[in-house]
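These protein sequence lines map, in sequence, to chains A and B. To convert a position in the first sequence, counted from 1, into this note's numbering, add 122. To convert a position in the second sequence, counted from 1, into this note's numbering, add 339.
What the hints contain is simulated information worked out from the structure, not anything from laboratory work. If a hint is listed, it holds; no wrong ones were tucked in.
Which residues of chain A face chain B? A partial, calculated answer using Cβ under 10 Å:
1. Arg-334
2. Leu-337
3. Asn-338
4. Ala-341
5. Arg-347
6. Ala-348
7. Val-349
8. Leu-350
9. Leu-351
10. Gly-353
11. Leu-354
12. Ser-355
Each computed DSSO-like pair below joins lysine-lysine, with the alpha-carbon atoms no more than 27 Å apart:
13. B/Lys-415 with B/Lys-495
14. B/Lys-662 with B/Lys-639
15. B/Lys-385 with B/Lys-495
16. B/Lys-534 with B/Lys-358
17. B/Lys-662 with A/Lys-255
18. A/Lys-255 with B/Lys-639
On a predicted model such as this, the values are computed, not experimentally measured, just so you know. Ideal Cβ positions, reconstructed from N, Cα and C, are used throughout, including at glycine.
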Amino acid sequence: MQNLKQHLIDTLLILAIAGPFTSLLLALVGASPADAFGHLFSGSFGSWSKFSRVLNVWIPLTLCSLGLLYAFRSGLWNIGVEGQLVLGAVGTAGVLRLGVDAASPLLVLMLALLAGALLGSLWALLAGWLKIKGGVHEIFAGLGLNFVAMGIILWLIFGPWKRPGIASMSGTEPFPRELWFPMLEGWRVSPFALALALAAIVITAWVLNHSRFGLNLKAVGHNPRAVLLYGLSPQTYLLTAIIISGALAGLAGGVQVSAIYHRLIPAISSGYGYLSLLVVMLANFRLLPIPLIALFFAALNVGSIQLPMMMQLDSSLAGVIQGACVLSALLVFGLRRLKKGADG
Amino acid sequence: MQIELQQIQKSFGRVDVLKGVDLKVEAGTIHGLVGENGAGKSTLMKILTGYLSRSGGSILIDGQEANYNDPAAAAKLGIGMLYQEPQDFPPLTVLDNFIVGRDNHPDNRREWQQRRLDELSDQVRFQLRGDDLLERLTVGERQQLEFLRLLGRDAKLLILDEPTTGISDRQKERLFAALQQIRDQGRTILLVSHKLEEIAALCSRVTVLRHGMVTGEECAPFHIPRLLELMFDKAPVNSVQNRPQATGKALLTFENISANGERTGLNACSCTIHRGEIVGLAGLSGSGQGLFLRLAAALKRPLEGQIRFHGTTLNGRDHRTVKRLGGCFLPANRLEEGLIAGFTLVDHFTLAMSCSESTARVAASAAIKKFNIRGTPDTLVESLSGGNQQRLLLALIPEDANLVLLENPTRGLDLASAEWVWSYLRSQYSSRGTVVFSSAELEEMLEVADRILVFFDGRVVRDLPIGQVVYRDVAAAMTGY
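This is chain A alone, in the form it adopts within the complex (with noise of 0.2 Å):
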């Protein structure tokens, strides 16, 4: 109870730092603060459809963020979620190009989702694999992966898996519907997306919290000389949390992939994976708050669209409401520790 009256004051206290800061902003241009607000949100909650928009970008952010979670745990800042992503998204398209004629669309389908992950995973592998055996640390060993990644799907689109005479940034051949992620009659949305996303939720929610791997990660993040009197080998958790990290994020490619964009584009992330970032550190590194601020995050992004055509401001608002939540937060949760530090 303590704990949800400290959090609520919080979330109140970053709105009351952004709001005025990002409504300065606008009034500095010429803009209406409460029309540029307003926009936002009919552009985003205004109609279902809107709304089902909203959830696409929702589900892959919330996937890369409960991914970066586990790494957060185990001590880890995997940078590198961008170009697991972006990996994932290749991997699902490199298996669903092949499945184009297959039988069993839904069996390519999964198995392309499967491929993503795995391909995700490994790219994180590789991260991790380079700080423990090589001692480059993680945010530089995936900063530099985020840049072969976005190397390798372009020379993908424009090379190999270019469309037939034309290789261009839209993207290489689109799909056959039948390996679209299901979708039911009148949605915008995949509800089976919406239930993977949902369900990579509870589990996590079980694995962090509850389980005992949970609890040893969490231990290894804490304190990583001390778990090795405990039995524990921390080198093992750090690579398994980056896996899982990675695995999530490479997830998120293959809906990106085959809920989304039916096609490989060169911008497949979105750059979600940096956005999920924010995200996980918005949410204070726990795991409620996420879906939470993923969705406002979601509904910022999908809204701005709305600002060039309505107020001729540039979308980029989104990112600067984005940005200054979260720097308002890192103040919050900052002086709230200088504070306990004061006084412990």
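Given the structure of chain A, go ahead and fit chain B onto it with the hints provided.
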């Protein structure tokens, strides 16, 4: 420069570390300061160099009362300190390090500074090249550079804290020659050491500290037994009893072990520890005891040699092997190395027993009763007191353990807790297991150990069954005699 400390006092909270220390160092002399661990040497040095403020007393420089309260002010007055660990910048060159902090010197050209470095280094016959990267230098060479920096800043009083730890014999000779040379130029040197041999070779006077008080001051030539008597408490009467000798099987053997770490490392250490023994690792802190324990626990790997536990060689194995065979290690830094901050008692039992939370909760509750831990199963370990953290660590030792390795097990504990810890260990392990522990308190060791290994400078210099221990002799061995 003559420096005089009058009635210097320092307390941390309710603990009096210095209880009125008088010390007078005459200009142009090398003065020694000795004392065992915890005597207050470091605190006194930190007050002298301005890192700590004093609770009482005054400092006189050349008869004038000096009031300064930060290191920069002390440096301006001509007080410089050579620390045990070089305080420098390894990625920079020798010359850069020499210049650092002297940017406002009137002549700031590199050529001039280089000439100055060369001059000074010729004077005391060090061979340092200005363009060498510091990280390629040995600890001894880095120390030489620090020494030159102090000379370059015209330090008139040089304080040296254990300056020969971790440097080669040749470098030690050079340093001693340099010290004598700058003394003859009129500089004043205060040498802090527990190596009495070095004190005897260099100093004209020596002051002995014990428990925050000056217990004596002696002039050269020194009578070493007299110094030891001043340094260490009198041997407790009847403390050394003839306890039954252990005749159990060999449990842990070190065969010619050498390893890096802890400044001194460990050199060619061989010994066998038997079932049923309580073995004390004596020595001044950082002489290799901690390294010995970590090697036995397979938390560190030796460079050379073989360690066997229950006949299994530990080469290439990690702590899990030791744990499986019944060994466990309790570090001195309980919260840094032994417990996990942010975790509750229940969490720790879940980890240690790898069991379910409900089983762990039962175990935690039982342990709180049995070990008299002031806390609940859901208390975070960082909010436990030091004594209770130690009780928790003891409670986490698996029931079937047969080798318990403890680093300073009673550090920071009050007398009652310390006694409790020992009575517990004795009742648990005297019949079926082996206890190996290090301690800074020689008295404690004589009271509880069956056998004592004395460490000095990374070597085991004595291995004595308790019946053969002569208090004075162990104290001498700890200081290199």
